[in-house]
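Following the hints, position chain B against chain A.
Chain order of the listed sequences is A and B. All residue numbers for the first sequence refer to our numbering, where the first residue is 215 and numbers rise by one. All residue numbers for the second sequence refer to our numbering, where the first residue is 8 and numbers rise by one.
Hints may contain errors.
[What the hints assert, rightly or not] To spell it out: a stretch of chain B is covered by chain A in this simulated footprint if at least three of its residues, at any positions, have a beta carbon under 8 Å from a beta carbon of chain A; those stretches are:
1. 147-155
2. 178-186
3. 201-210
Read the hints as simulated data drawn from the structure, not as lab findings. Source: prediction; values computed, not measured. Think of the CB as a built atom: it goes at the ideal place given N, C-alpha and C, for glycine as much as any other residue.
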Amino acid sequence: MHSQSMTRRIGLLGIGVAMMLGAAGCATVPEGDPEAMAAYQEANDPLEPMNRYFFEVNYALDELLLKPIAGWYYVALPNPVQDSIRNVLRNIATPVVLANDLFQGSFDRAGTTTMRFLINSTAGVAGLFDVASLWGYAYHDSDFGQTLGRYGVAEGPYLMIPVLGPSNPRDAAGLVVDNYIDPLTYIAPAYHVGYLLYVRAALTGIDLRARNLKTLDEVHRNSLDYYATIRSLYRQVRNDAINYGAPGDSQAFPGLVGNPDGLDSGRTLSEVN
Amino acid sequence: MLVRRALLALMLGCLVGGTVPAVANAADDPGAIIASLGSKALAEIQKNNASRPLMEANFRTLLENYFDVASISKFVLARYWRVATEPERAEFTKLFEQFVVQSYAARFAQYSGETFKVNNVVKGQPDPNDAIVHSTIEAAGEEPVRADWFLKQAADRYLIVDVKIEGVSMVQTYRSEFAEVIQNNGGKVAGLIEALRKKIAQRGAS
Chain A
215 MHSQSMTRRI GLLGIGVAMM LGAAGCATVP EGDPEAMAAY QEANDPLEPM NRYFFEVNYA
275 LDELLLKPIA GWYYVALPNP VQDSIRNVLR NIATPVVLAN DLFQGSFDRA GTTTMRFLIN
335 STAGVAGLFD VASLWGYAYH DSDFGQTLGR YGVAEGPYLM IPVLGPSNPR DAAGLVVDNY
395 IDPLTYIAPA YHVGYLLYVR AALTGIDLRA RNLKTLDEVH RNSLDYYATI RSLYRQVRND
455 AINYGAPGDS QAFPGLVGNP DGLDSGRTLS EVN
Chain B
8 MLVRRALLAL MLGCLVGGTV PAVANAADDP GAIIASLGSK ALAEIQKNNA SRPLMEANFR
68 TLLENYFDVA SISKFVLARY WRVATEPERA EFTKLFEQFV VQSYAARFAQ YSGETFKVNN
128 VVKGQPDPND AIVHSTIEAA GEEPVRADWF LKQAADRYLI VDVKIEGVSM VQTYRSEFAE
188 VIQNNGGKVA GLIEALRKKI AQRGAS
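Chain B on its own, in the form it takes in the complex:
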């Protein structure tokens, strides 16, 4: 009975999940990682959204479990990462994470009714450690939203390094914005750090 049910689940998984093999170990299957982010992880943070500090703590855990925050910090600073001092890099990474958590925690805690559908997984391009997961986020009565996830294989698992929603990349958007802030502060990374600190304090108070 149990075996039959397992087989049935496997078959259903293959049908529903498209190219995602249901038997794959979640840690080394990028498609399964995104699917679990869409179902398990979101459900997890939605269970516990009584207060903003709670929502933020939950979202931070999700962010650190699924995203390569250290690499993303480098990508968004781009050329300025090289000119930043060690303490500036550390401070930026810390503030950037806080900034992202503040920006999205409340929104993700309120998600409901949306389903993630993994459509296609491209592995090993352009680098053997890279993977792209094409998914759509669907909700009743809305046009489906395209979400493309860019993952890199770290030591033991895949971590997300960028996500493009309807062609808009999270990394590219932060990168352009942060470059502008640095430019308007005389090319100093310290100016961006100050701006982030202010914004975080301002939002934290509201």
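Just chain A, with the same shape it has in the complex:
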């Protein structure tokens, strides 16, 4: 039953996203000016007014709720405890990561994920300690949005999803799929501990936020347009995940590995001059 309500929630989210895509809140398309048009396409954010609205909502929620909780979490718990919480969360998430490693055809990474699970579940005492990292099996994340990206699925327009934060249709769809393939989605309700799914979701959010307290404050303080900076950071982080962290392109070195995401116009310095 819990699984059903979860599914329904996500189904509703999908409908909401579809409605957002089709409905109001569209930015005006600049016409005539080629520079403005190029900038508009590069931002790939046709729903910007609506996205900015939800960004403000999420920002307020963060200030009121998530940031204070994450702050307490960061201050109250000793670092090793925080690390152990993250290690357990990562260990529990192994099936989703492994499935996506395999979907991506990356047997190397699937092997690493498997070894990490075996080592950390045993020598790492049920995932509390990340022994595998010390033995050369470093952690990596994998998700279905990334899988789609590796198969060349475009990200689509930028989306700021209420509560969940920055995303796009590709990654939002990935989130739904990851939820479906996660055994815990079915196991927890079967044992009448469906609430554990929410505990895990909350802990994952708090842990992530706690690790970025200083960074996000700094980004906010140092940006002229916080919304635009977060949008850019989100895209770059996702593209980095899709490229498995290969350094790829730099704006300063255009055209190094092509431009699969269509993010920038790929102009060279001589063209700019």
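For chain B alone, coordinates are given in the frame of chain A:
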């Protein structure tokens, strides 16, 4: 004795520095440049961090010694560099540098315990004058941070034109943000210049 020690240092350098030859002249070895940025240059600015003006002055020197600020200014303005007037370009370059110095001076002055490890150097791609230095920044008890440095050979030495930390490019981030600010100011570069000036004044006062 001295020779033996030098040889030992050379061997250690080869072992520790991976593919970076220890004998190379720092000016034309991108790996050595990044290594020296991580050790010597940071130590230099950390010695003298008594006040904010001092920290900023030190960081500005480091920035100008290691980074190609003029090129970076062009890259971040991108298509708007073409439509900007000469005075606007000059003003932007000046303010942008000030903006970067304000953003990072304090942080770099407080760095401690981090070590730069140069892992790999790729030279001559995609352009003969280009080089990419892959490094990791490591600190005890933290997961290592990936830093990829993009350098271009200028007249006599390599200068950094971009850095990607965990896949996030400094140039790309500024570029997207500045394009947005210009868009929201009717496509005028003057709007960005005004916004930078305001931000700098606001931070300078705080």
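Each hint tested on the structure:
Look at the segment 147-155 of chain B against chain A: 4 of its residues bring a Cβ nearer than 8 Å to a Cβ of that chain, three or more, so the hint holds. Here's how the segment 178-186 of chain B fares: 8 of its residues keep a CB closer than 8 Å to some CB of chain A, so the rule of at least three is met and the hint holds. Restraint check on the segment 201-210 of chain B versus chain A: 4 residues with Cβ-Cβ distances below 8 Å, three needed, restraint holds.
When each numbered hint is compared with the structure, no violation occurs for any of them.
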